[in-house]
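So you can see what is in the structure, the chains are spelled out below.
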Amino acid sequence: MKQELKLTVNGQPYEVYVKPKTLLVQVLRDHLGLTGTKRGCSDSSCGACTVMLNGMAVKSCSILALQADGADIVTVEGLARGTELHPLQKAFLDHGAYQCGFCTSGMLMASRSLLEENPKPTKEQIKEGIDGNICRCTGYNSIIRAVTAVVKGEYKEEK
Amino acid sequence: MSSKYSVIGHRVHNVDGTEKVTGAARYTFDVVLPNMLYGKVLRSSHPHAKILKIDTSKAEKLIGVKAVVTGKDTPGHKQGIWRRFPELCDEEILCRKKVRYIGDPVAAVAAVDEDTAEEALDLIEVEYEPLPAVFDPLEAIKEDAPQIHDGVELNINVTRHIEWGDVDEAFKKCDHIREDQFKCPSQAHVCMETHDAVADFGYNGKLTVWTSSQSSYYIQRLFADMLDMSESDIRVMNRHTGGGFGSKFELDSAQFPAAILSMKLHRPVKIVLTREEEFIATKRRTPMYYYLKLGAKKDGTLLAKEARAITEGGAYTAMGATALYLTGFFSSFPYKYPNYRYDGYRVYTNTAPTSAMRGFGAPQSTFVGESQLDMMAEDLGIDPIEIRRKNGMTPDYVVPGQAFIQSCGLHQCLDKIEDHIKERGKLPPNHGIGIAAYGFMSGGIFNWFNTPYAFSAALVRINVDGKVDLYTGACDIGQGSNTTLSMICAEELGVRLEDVRIFSGDTGICPPDLGAWGSRETLMNGNAVKRAAADAKRQLLEFAAAKMGPNIVYDLDIKDRFVHLVDRPERGISYFDVVKEAIRGKDGNAIIGRGYYTPHRKGMISPAYSFGVQAAEVAVDTETGKYKLVNVTTAHESGTVINPVGIEGQLEGAIMMAGGYGFCEDQPMDEGKILNPSIADYKLIRSLDMPETEILEIDTYEPEGPFGAKEAGEGLTNPTAGAIGNAIYKAVGVRINDLPITPEKVLRALKEKQKKKK
Amino acid sequence: MSYKCPVCIKVSNSAPDLARHMIGRGDKVHRDWVNSKGFKYSELLALQFKSFGGEGYKALAELLEKETKVKD
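Protein chains in written order, with this note's numbering: chain A, 1 to 159; chain B, 1 to 758; chain C, 1 to 72.
Hints are computed from structural coordinates only; laboratory data are not their basis.
Note that the structure is predicted; figures quoted are calculated from it, not measured.
By construction, the Cβ of each residue, glycine as well, lies at the ideal position given by its N, Cα and C atoms.
Take the hints with a grain of salt, since some may be wrong.
Below, in silico cross-link-like pairs of lysine-lysine (BS3-like), each with a Cα-Cα straight-line distance of 30 Å or less [as the list claims (entries may be wrong)]:
id, chain 1, residue 1, chain 2, residue 2
1, C, 10, B, 336
2, B, 753, C, 10
3, C, 28, B, 183
4, C, 28, C, 50
5, C, 28, B, 757
6, B, 173, B, 336
7, B, 78, A, 127
8, B, 580, B, 559
9, A, 123, B, 626
10, B, 173, C, 28
11, C, 58, B, 173
12, B, 756, B, 745
13, C, 10, B, 97
14, A, 21, B, 66
15, B, 336, B, 58
Simulated restraints on C-beta separations [claimed, not checked]:
id, chain 1, residue 1, chain 2, residue 2, range
16, C, 35, B, 53, 34 to 40 Å
17, C, 38, B, 264, 36 to 42 Å
18, B, 601, A, 30, 53 to 59 Å
Take these sequences, add in the hints, and give me the full structure.
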């Protein structure tokens, strides 16, 4: 009944066996122990489970794990390079762009995906980029300021 | 940002920041223990019914199911946070004889995985005898309404009365009187992390619980009551918590069933509520019908106010009695009423219980009060800022019989907002700016929980390397108390923020604290932390004085890791050297400082209040009734700002939540069934709807607070709905008295206005 | 002129104020007294939220005017 699933997560190849109805977010959290990605709803509406799949931001609760066979996934645990935080992470720290932190990994991944697609988004485009992610704590504006700071080049390393 | 202090007032990274931005922060949601089982809860599908029989045999036989429990597996007590009033402790959680709302728990299952547990729920057979149900408080008080709780006639759960002066006489002296009615709806907390718990009951008879909570102490104490256990045999650990907003300081249907299952199995059991369960079966904001009568002289002096509220209590008391009282108390804020009267009634209904949510009754009272005040101002031909200026509270005001206001920056806030409105200049058509003023408490004094402990306590331990461990029961639910309290500790002790490590919310190692509600952590726990740090510092300075041998008339202090003479700050020694020698001098014991705080002789409500004025600008599309929140500017004062990044975040977040209350959030019900229990259907403000926000900080100093600080996070949730309502009136001349102000309501009102013109 | 509440120590200086007190108190003893005089407490309370002008009080105040007045 369980099928083989091969995928790369944060640069690391994995091989797991999953039931057909297992969701990608369950593989990441429960099988691979990458609990940075969260779940906040059952209808793919909150964005807390956002990861990057083959370069695109996706809600990992809306994808069956087996649909991600062979895919290249990046989660929040893959943002930093060794001990060097990603510019978005640094910007989030400087701007206090998180409070309880539960939506944060989703926000970071959605922002990263936005910047890979469009390195110089306008404020409106940044808002659109995170419109699929709900935050109940920050009111979004600090997140938008953090992403804007990265866009402006305040964290000069590669984005 | 410049600050006269070394640590507080500076822009710092949140002490939990790196964990949160790297995904390393562990929430209860992430806790996995060896030998752990997963639990699910079976809930009533009837709003009101007798439980005749529960047959769990089929469920128990399902492979992978380890236990099924019902009310009969519990000691049969009822929880309630109003422990001084046993008749208000009315919630069994796992119901034995009766269910009182759709979602009321009746059974729980522990199994090897969630899917199996879910499947087992379908195999539990419950025989109900449905009873007539009642959903509206005005219906529930009728003689022929079904009685929801034994012995509670007319379903009147609690009544509250506040009065001073002589309102009836005063109304006779008024030049103008207004009477208005309003309806305030419920609101869901929508914490990103749903209610969850991992309960682990060991063979040693001790219970350990990891849970998402605002108050580990309340949960510990409530567990002890419900399980007939000794408080100290229960350890509650609040890990990182994904939001609380008032929903997580009572025992809930993830925690209690998990503990009961674990006690039966002696294995850890984890229960995580689904988002749907979160919407239908956790507590929510108290809906209120409000009647207000306001009387003034023609120059705008307010002489009398009469307020009446009837609230939809839902099935259990929960924190609803406090919301009932506070809404009446804050209906008198932030103005000086010489005569005031409030009557509040909380009525049981067969709906999900209504309880505490950020603001605790004050967002409702601020919406209704500020709307009516604007209407009064218009009737009298007085500017809305002017009428508030004329009547606004001032420092050292006494609310008769209720409260002492010490610091109050309301008038400076009014000035700032007046300037802001002038700067916005002439607005385009169908744009409008509306204002609302508020005042809010810094934690509550009322001890209905009947704790014998100090309200807040902290322990500071200086280790041999000079690093400091801070232990406090305070719970960080995202509001940043870990950072704020660490900053207070570092400032008082004279070290840097990075020298302090905080352990919070763990009843096993931290001194008790009442938790994060009523906006109390900064002031109450901040005071405890400051005192604990001062105690440790005093002990350290004894050794420093011995080592340095200064003239006895000189004082020593520590700043930025340097122990020095206060009068000659350049003369001193390294803090680290003193610490090493002090510990050796104490026969090898680390230096421990203790501090605690309970407000005494500060009135009945709170030791301090914060004030503010908010201006909301809207742009209305008169074709559709839709409107955009363009800008929300807030002038507020919260005493000394300890954590500026934190306060900005709390303010903007409050606007999202309070704005949502005015703009779009609603829980329509049909026969007790919530119709939109999902994030897809529950309208929230998302990033595209969020207005521009601006914060105008007013400098004040609150003598009661640590370094002069007082509350910020909850008061800011009060004014936005009122400001939006007033803004819509300014923009297009229609007044909506029931929230949320939806496009449909605006359009309908515009059409009626058109009709009236013709 | 004073109006003494029939079931507790409250003394008002007008019948409408005493009526408001009795409806406002909301506890069993006050409700029982009001109901014993042929009123329905719950209807009086509901009227507080459905109308202005305190109609609920008026009828009760008339009764209290007769029954609870005490000369000072």
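ask   = When the hints from earlier in the document are held up against this structure, which numbers fail?
value = 2, 5, 7, 10, 13, 15, 17
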